[in-house]
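Asker: These protein sequence lines are chains V and U, in that order. Oh and the first sequence: position 101 is 101 in UniProt numbering, straight run, nothing missing. Oh and the second sequence: position 16 is 16 in UniProt numbering, straight run, nothing missing.
No lab work stands behind these hints: they were computed from the structure. Keep in mind that a hint or two might mislead.
When the alpha-carbon atoms are kept at most 30 Å apart in a straight line, the in silico DSSO-like pairs for lysine-lysine are as follows [unchecked claim]: (1) 77(V) with 111(U); (2) 44(V) with 111(V); (3) 44(U) with 77(U); (4) 77(V) with 77(U); (5) 77(U) with 33(V); (6) 13(U) with 111(V); (7) 77(U) with 94(V); (8) 94(V) with 51(V); (9) 44(V) with 111(U).
Listed next, with one range per pair, are the computed distances between beta-carbon atoms [unchecked claim]: (10) 86(V) with 70(U): 21 to 31 Å; (11) 46(V) with 80(U): 57 to 67 Å; (12) 47(V) with 9(U): 21 to 31 Å.
Beta carbons are placed, not taken as given, at the ideal position from N, Cα and C, and that holds for glycine.
Protein chains: 2
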Amino acid sequence: MIKETSSNASNRKFLRSACRITGALEILSGRWKALTLIHISEGKNRFSLLKQVLPTVSDQVLGRLLRELEADGLIGKTIIPEVPVRVDYSLTDKGAAVLPILEELAEWYDKR
Amino acid sequence: MIKETSSNASNRKFLRSACRITGALEILSGRWKALTLIHISEGKNRFSLLKQVLPTVSDQVLGRLLRELEADGLIGKTIIPEVPVRVDYSLTDKGAAVLPILEELAEWYDKR
DNA sequence: TGAGAGTTACTCACAAAAAAATGAGTGGTA
DNA sequence: TACCACTCATTTTTTTGTGAGTAACTCTCA
């Protein structure tokens with residue numbers, strides 16, 4: 001009998017069709033994503049403010065992180081043409097809606 | 001000013017102390033973990049049964065997956081000395097408790 | 001009686017792929 | 001010169017998948 005192919009990419013495809021939770025976990029499980037969402041919800045809504053609260057994250061990593069969160073529809077950005085330019089980030093409805101679920105996960109994890 | 005070191009390992013450490021959700025996401029975000037928990041909860045509670053429902057997952061990956069879920073306290077195993085040997089897996093209380101939260105995540109994700 | 005094939009449930013070492021981090025540099029001010 | 005908010009290419013680290021093999025036992029065929 002011929003062994004099914006199971007490359008990384010085809011496994012991912014299978015998983016997406018087999019499991020409803022996959023999509024959610026894929027966009028939340030990047031290393032800094034949950035923490036960044038929380039910080040933005042607490043008013044750390046600019047690149048430089050996030051740098052302060054995430055001191056071990058480099059500029060480059062922070063930039064990519066914000067791009068990904070935006071691409072996944074969790075945050076939005078507003079460019080304010082001040083001098084120097086200012087960019088504000090904010091949670092979208094979708095981003096805000098996931099925070100209580102993340103809190104439940106944290107409580108689940110803490111218990112015992 | 002001295003730049004904080006930000007190696008992979010030290011970032012992980014920082015993250016664990018800074019963010020309560022990190023631990024939960026770390027143990028849930030392995031590729032096959034959520035789906036495997038669901039299958040076990042639905043009675044696919046043996047190595048060979050899981051192989052049937054996860055046809056693209058190799059024996060080796062499945063073995064490692066089960067070891068990790070067990071190490072993280074999400075599943076337990078019972079060895080039954082039949083012939084040939086039989087091993088039953090089951091969700092722990094902790095494993096069972098996370099399923100409703102995963103369902104919420106799936107609903108959140110589905111909503112556009 | 002015994003050789004070989006088959007079963008379940010794995011493990012180890014290694015390779016490939018993906019995720020995360022780093023080095024260097026950009027554009028538009030003041 | 002300095003600040004803010006980035007981007008690109010490359011390296012390092014982690015995660016995921018593969019190839020080969022194990023233990024203990026039963027079953028079949030000669």
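Asker: All the hints need checking, so say for each whether the structure fits it.
Answerer: Results for each hint:
no. : hint                         : in the structure
1   : 77(V) with 111(U)            : holds, 21 Å
2   : 44(V) with 111(V)            : holds, 29 Å
3   : 44(U) with 77(U)             : holds, 13 Å
4   : 77(V) with 77(U)             : violated, 48 Å
5   : 77(U) with 33(V)             : violated, 33 Å
6   : 13(U) with 111(V)            : holds, 20 Å
7   : 77(U) with 94(V)             : violated, 38 Å
8   : 94(V) with 51(V)             : holds, 24 Å
9   : 44(V) with 111(U)            : holds, 27 Å
10  : 86(V) with 70(U): 21 to 31 Å : violated, 50 Å
11  : 46(V) with 80(U): 57 to 67 Å : holds, 59 Å
12  : 47(V) with 9(U): 21 to 31 Å  : holds, 25 Å
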